[in-house]
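Just so you know, the sequences run in chain order A and B.
Mapping to the working numbering: the first sequence position 66 is 67, numbers consecutive.
Mapping to the working numbering: the second sequence position 150 is 666, numbers consecutive.
No lab work stands behind these hints, which were simulated from the structure alone.
Bear in mind that the values here come from a model prediction, so they are computed numbers and not experimental data.
Be aware that a few hints might be false.
Claimed, not checked - Rough simulated footprint, nothing fancy, chain B against chain A, three-plus residues with beta-carbon under 8 Å: (1) 77-83; (2) 100-111; (3) 114-120.
Idealized CB from N, CA, C, for every residue including glycine.
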Amino acid sequence: MAKTIMTVDDSASVRQMVSFTLKQAGYEVVEAVDGEDAIEKLDDAPVNMLVTDLNMPKKDGIELIREVRSRQQYRFMPIIMLTTESQAEKKQEGKAAGATGWIVKPFKPEQLLAVIKKVLG
Amino acid sequence: MGTFSRAFKEEAEELLLDLESALLDLAESPDDPELIDRVFRSLHTIKGSGGMFGFEEVVAFTHEFESVLDRVRDGDLPVTQELIRTTLQACDLIRGLIDGRGDLSADVADTVGTLKSLCPPVEGADAGTWRRSDGPLVTYRIEFQPMADIFTFGANLLSLLNELREMGDCVIKARTGGIPSLEHIASQQCYIGWEIRLTTDCSLNEIRDVFIFVEDRCALTIERTGEERRIEDDRPGYAQSRAGDHPVEPTLRQEGTASIRVAAEKLDALVDLVSELVTTQASLSQRTSLQTDPKMTAIAETVERLTDELRDRTIRLRMVPIRTLYVRFRRMVHDLADALGKSVDLHTAGDETELDKTVIERLNEPLVHLIRNCIDHGIEPPDYRVALGKPAKGRLHLSAEHAGHNVLIRVADDGAGLDPAIIREKALAAGLMDADDDPGESEIFSFIFAPGFSTKTEASPVSGRGVGMDVVKESVERLRGAITISSRKGEGTTITLKLPLTLAIIDGLLVAAGAQQYVIPLATVESCMELTPAACRGGRGRQLLNIREALIPYVRLRDLFRVAGDPPAVEEVVIVRLSNVRVGFVIDQIVGEYQTVIKSIGRLYRDARAFSGATILADGTVALILDPHRLTEIAENDEGRRFREEKL
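In isolation and in its complexed conformation, chain A is listed as follows (with noise of 0.2 Å):
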């Protein structure tokens, strides 16, 4: 069965590359807002990974990062944040709160494919 991934961007083009990409590669492709919209998303449907920004309204990547790792059904799931080359400490802090790994922005479908055979095997 094909494996499903949520992508969590505030930017429609971001969210619109990301899962155009999964679902060429044959992934199940949920898409989310802001970590509001991912949370409840979460509560219908489960997902194998999540890839997500971190600079986001309402509930940014971090936060979302850190209640998903909590949850008892995700705590070993892959979880990928979109990061810029100037957002060092953000970097630090998402991994603190539990992020798997990380793909600086802006970055080609290869490298996300790559960066998904990585964590998702």
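Chain B: place on chain A using the hints.
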């Protein structure tokens, strides 16, 4: 070096067979990139190991071969019949070079010329298309000890190790010293670390990148070891197929199948030992059945069960899938059809069906014969087939399946089929039957197994005049198998071979003559009966039995083996069917059915041709296994003329 180069030859033969079948597949589906890759892998391995064992010519030639296929892979050379033909020829040449068959330099030059003429000139330099330079191979020693809570960050250590594996030659050892005793284990913690030895042309940074997400949650050291070497072959073709789409080397792939090559003698020695064990166990069982100690009986029963399983497993070690035969046939069918101007599709089924290696080896010849017959006599030329409303391409179907202790192998074609009327006529002319006989269809078909029988009026260069069906039948029977034929005129012919799974075990009929016991292979036994005076016909000197209106010659084992003493009042006779002959063996008494492991009787007794082996009975005495074919021949020589006249 001798044994190494033998291993190389064996391996090369397998690779060549694989190469050939990939090329033939490619002819059918030229656009399949997977097939091109398969061709490359085989060729590349031949080239690589050829270099290691000093087959310089092979290396040079396969290199030329590779560059042509490279163009095919890049899509600027179409797969044509001519290309396939030339590449198949190239396979033969490689085989010749490896076997050291005389001076082939002229042929090599020739084929290289043809290969090159197939390639249109290259536009511009093709350098720069190779993705990775052939940098130095460096061996790194990596120690990787993740922190215990690493999983709670979603890290996937397995895919991380796999990533390393894809970078080159990689040996991964787990450090298990940190695993606490069971009661202290927290199931979600990581207690294992790894030591990795990686030989790669990737840079240190590329290796570090693998660990990028986990580097601050583990103890990691990566250091270069002293050993370094350059890739010896710096030709671009080498570098590309090495670093191209297949990061994993073919040899690494093969490790996945985890098989071991063992010399046949070692297996034979094991089979011998096991058969002695079986015998010893049988004596044990017999002894324990005479006493009343229940514990002893239980032990004997366990030993029996274990021995049975050990025997079966040991015998299975000698079994190889019939696929190893099939691959040879694909090439043959292709060439034959080509030579005869026919178009034939070979289908195979049951490729994984296993048979004893000896049976497989000895099956090759009869099957080659049958396949030749199918293509030569069975399958019609394409235009003729179209006129008949059949598809232009003939269909040849090879299948194998297990049926109890036997394997059924079928060779079927959708060709012209056998015409019972013609066979009948020929059989009459050859004196195989009388004009007023009315044999059934299957009996009529079985005439084609008679020596010298042919329905073809003209000899053809491929399968001759049908000489050989009798040979096929005999070789199958020597394997203790049987052959049957079914056919429908205009629709095709199916020939079925029924063979024992292994030659190491025999289902036999244990009989006694005098004090000595013998085993007759059960597959040949047709019936058993008492030798009544009424059944004996023909008077003195003519030993014939009258069974259901048929006269059957018989031999007294007592006479043949010069057994002393008087026979019992009532003797018994075992009727054996061989090819088209029935022979009776008269013995004192039938003991019963007996399944046994065959032991060879050794070189000292090789002139004792009446026996195919020996077995040791539960009480420790030896029973000889009769070879009914040889026995009949011997009896024939003894009885001379009288015997021959009465053949059916």
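Evaluation of the provided hints:
For the stretch 77-83 of chain A, the assignment as covered by chain B holds, since 4 residues bring a beta-carbon within under 8 Å of that chain's beta-carbons and 3 suffice. Counting residues of the stretch 100-111 of chain A whose CB falls under 8 Å from any CB of chain B gives 4; the rule of at least 3 is met. Given a C-beta distance limit of less than 8 Å, the hint that chain B covers the stretch 114-120 of chain A holds, as 3 residues qualify and 3 suffice.
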